Amino acid sequence: MSTLRCLCLSLTLVGCAPERPATRPPPGATYDFTATLQHTVFDVIVPTYTDLEDNAAALHGAVRVLASAPTEAHLEAARQAWLSTRVPWEQSEGFLYGPVSDLGLDPSLDSWPVDRIQLDQVLASGLELTSSSIAANFGAGLRGFHTIEYLLWGSDEQPARAADLAARPRVLEYLIAASGALEADASTLKAAWVGDDGYGKKFAAAGSPGGVFFRQVDAVQQLLTGLTEICNEVANGKIADPYKAQDRSLEESQFSHNSIRDFADNLRSVKIIYEGSRAGVGPHSLSAFVRGQDEALDARVLSQIDAAILAIEAISSDGELFTSAISNPAKQQSIESAQDAIRALMTTLQRDVLPLIVS
Amino acid sequence: MSGRRWWLLVSALVSACTGERGDDELVQQGGTFTVNDATAYSYMSPAPAIEDNPALLERHLNGDRLYGLERVASPARVPGTGGLGPLYVGRSCVSCHQRDGRTKPTLFTSGGSGFDFSTFLVFMKNINGEFFPDYGRVLHDHAIFGAQPEGRLKVEYTEACDEFPTEEHERYCLITPRYWITDWYTTPPPENELAISVRVPLRHVGLGLMMAVDQGELRALAATQYPEFGITPRLQWIQERGVWEIGVGGHKAQHSDLTVELGFSSNLGITNHRFPDNVARGQPQITVDEGLEISDAEMADVDFYLQSLGVPARRNAGDPVVRRGRELFQQAGCHLCHAPTLHTSRTPPRLIDGTPMPMLADQTIHMYSDLLLHDMGPALGDQFTQFQASGDEWRTAPLWGIGLQQVVNGHTYFLHDGRARNLLEAIMWHREEEGAVSYEIFRHLPKADRDALMAFVNSL
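Residue numbers (my numbering), protein chains in the order written: chain Z, 1 to 359; chain E, 1001 to 1460.
For the record, the hints were derived by calculation from the structure and aren't laboratory data. Quantities reported herein were computed from a predicted structural model and do not represent experimental measurements. In this text, a Cβ means the ideal position worked out from N, Cα and C, and glycines have one as well. Keep in mind that a hint or two might mislead.
When the alpha-carbon atoms are kept at most 30 Å apart in a straight line, the in silico DSSO-like pairs for lysine-lysine are as follows [as the list claims (entries may be wrong)]:
{"#": "1", "chain 1": "Z", "residue 1": "LYS201", "chain 2": "Z", "residue 2": "LYS331"}
{"#": "2", "chain 1": "Z", "residue 1": "LYS202", "chain 2": "E", "residue 2": "LYS1447"}
{"#": "3", "chain 1": "E", "residue 1": "LYS1447", "chain 2": "Z", "residue 2": "LYS201"}
Footprint (simulated), chain Z over chain E, 3 or more residues, beta carbon under 8 Å [unchecked claim]:
{"#": "4", "segment": "1036-1045"}
{"#": "5", "segment": "1213-1220"}
Per label pair, the in silico range of CB-to-CB distance [stated by the list, open to error]:
{"#": "6", "chain 1": "Z", "residue 1": "LEU123", "chain 2": "E", "residue 2": "ASP1353", "range": "51 to 59 Å"}
{"#": "7", "chain 1": "E", "residue 1": "PHE1275", "chain 2": "Z", "residue 2": "ASP247", "range": "25 to 33 Å"}
{"#": "8", "chain 1": "E", "residue 1": "LYS1154", "chain 2": "Z", "residue 2": "GLY126", "range": "23 to 31 Å"}
{"#": "9", "chain 1": "E", "residue 1": "GLY1381", "chain 2": "Z", "residue 2": "VAL65", "range": "52 to 60 Å"}
{"#": "10", "chain 1": "Z", "residue 1": "THR30", "chain 2": "E", "residue 2": "PRO1177", "range": "40 to 48 Å"}
{"#": "11", "chain 1": "Z", "residue 1": "SER327", "chain 2": "E", "residue 2": "PRO1054", "range": "20 to 28 Å"}
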């Protein structure tokens, strides 16, 4: 009763105003992104995961060679194989959604930090070490990229040497098992994206029956949000955490000292998704859509991506490692410039590109 | 009616005049906490008021970091990352709440306990309601190297199928779990004295708003009976801190806070000020006293993070099928328990460290739950009482964000132990709900109408 009275009263008070102009929907609401999604999935995401799978298999092979003959040359070859596998992984971090998270593969592949206490205990034990025993029994802190990295490089205080590895057969066994598990995870990841029932097809079919997303534009927003997420992670996490704390133990790839390349490849992940291709700007891409709406904006995004990559690489242009740069006053400016360049890109994507897609 | 609500009503009427469909379709489910995101990140987005305030955002992001950090065994080489175990269920909050949602249950991927962590809790107590002396309040089915898990959960499902009594004779199947525990680390509790309840994680959508709900409204809802639907909701009264409070969190509304300290302690093995004792304390296999492993400030930051998460806006609310589904949802009486609209209290709620959260106060929200206990019958019951809740009683699950679970977590397992493999099965498990009137109405709907009702729920 009281509600009814309120309704009547308010109708009397307010009445119906003349019709207001409706807010114009963003151009993305009516744009057909079918080809954009198709090309982004099958020209960028799936080939990146294919590289990851292939390189992980090569890493597993190189580690087996190292175990059979632990020489410095074989150790170096295994390290190079790790670095090569790291490239597609870091270039995939702009699309950390779908099977990589749904199947728990992100922690399995890239858990950080390494659980060194437990790892030492496992190595000192008599536990069976195979890829399947690692997969079945050990947590993500005991497997994946950084565990393998730690065993291949050792710490700064105690670098790994081939002669030491030769004297520690358990470490070699562990390396074989962990790189086998990494290869298996990479295969699972790629397999989940391909095929008729794969996530790739469902992602590209967003907005239609069988698609992952309710609307096509949600998938496009997903692509874009994946990019802003990795920009945020690199600028405000991966770089900021060790830099602010002046603590090298917070560096992600602290054993291989590969962090600068990791960060740059994260930004290349942004580049290949935005360009819808791994070989320059594709005709069916986020870039092409943005260019159609605002040519200057598209040019700004493209140049900000390149500027961010250059700014990251500039930190180590004189050969200084990120590890020491974080506490080198002379490097303060270049580190902060890199952060600023990434944040500028992130702001453009969030404030200028996203509103073209969703309101 | 408060001045603000009066204004909202006037605004809604203006909107109706201009043909806009905003409040009419209850699109802004989380009030000012609503976020326009239907992606895999939709549960993770901070509320706009947080995102626009650098200081609040920084606190939110610190809470986010602590929430997602995968813990390792102490003494950790990387400061602030240790404390895991020695017994645990997950290695971080994200183990169970991937992207603030519900990680795909290892019940289905591993047949019970997972290899790295488990995505469920097994509540354990004896028939007198007491914990077993050599075990925790939940089964710790993982352990760091050198310790033994308390046991491992196994599950088997039996499937039974039936047809809808409508023209299409559409077939549906439900699976019933059977749980048992293997690999006990010491003498197992006598089988006839052991009561367990398996629970999958809750989605962390809109937790701050949920905790801030006006408790007067809940009392009023609890006092309203619907004899024609056979529904007799009950308030959950709980005692966790020495005083009786209304419980709102958890599958049986058995908590009056977001269990941040309890979760870190019981699920990750990380001791804190409120739960300083290791979960394994007293067990013959644990001898080391590690002291407190996380600070009060960090606990409060995680609480802040959870309370400041946004709520995804509804999708396709204006779609004719969805609108039809909304009508059917009401006609079937689903809304009597899955209450569409609640309000948060005018008094700002506080974090566990006492920080007031004024942005959560005085909001109109649409979580589609009355947060009350309802008798769902013995088929769903677990014979596990918690405070006022009997084995057969469960808190009405909030539905906001439910349609995005597939996008966020890649699966559609629902209900307290994830036994419903999709939304249809979840609805059909309401078969023994008190009265079962809504269930019968749904069951007799033509397929197109059932689909419309589910399209509505998926739009939430």
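Each hint tested on the structure:
{"no.": "1", "hint": "Z:LYS201 / Z:LYS331", "in the structure": "violated (45 Å)"}
{"no.": "2", "hint": "Z:LYS202 / E:LYS1447", "in the structure": "holds (25 Å)"}
{"no.": "3", "hint": "E:LYS1447 / Z:LYS201", "in the structure": "holds (28 Å)"}
{"no.": "4", "hint": "1036-1045", "in the structure": "holds (count 6)"}
{"no.": "5", "hint": "1213-1220", "in the structure": "violated (count 0)"}
{"no.": "6", "hint": "Z:LEU123 / E:ASP1353: 51 to 59 Å", "in the structure": "violated (41 Å)"}
{"no.": "7", "hint": "E:PHE1275 / Z:ASP247: 25 to 33 Å", "in the structure": "holds (28 Å)"}
{"no.": "8", "hint": "E:LYS1154 / Z:GLY126: 23 to 31 Å", "in the structure": "holds (27 Å)"}
{"no.": "9", "hint": "E:GLY1381 / Z:VAL65: 52 to 60 Å", "in the structure": "holds (59 Å)"}
{"no.": "10", "hint": "Z:THR30 / E:PRO1177: 40 to 48 Å", "in the structure": "holds (47 Å)"}
{"no.": "11", "hint": "Z:SER327 / E:PRO1054: 20 to 28 Å", "in the structure": "holds (26 Å)"}
The structure shown violates the earlier hints numbered 1, 5 and 6.
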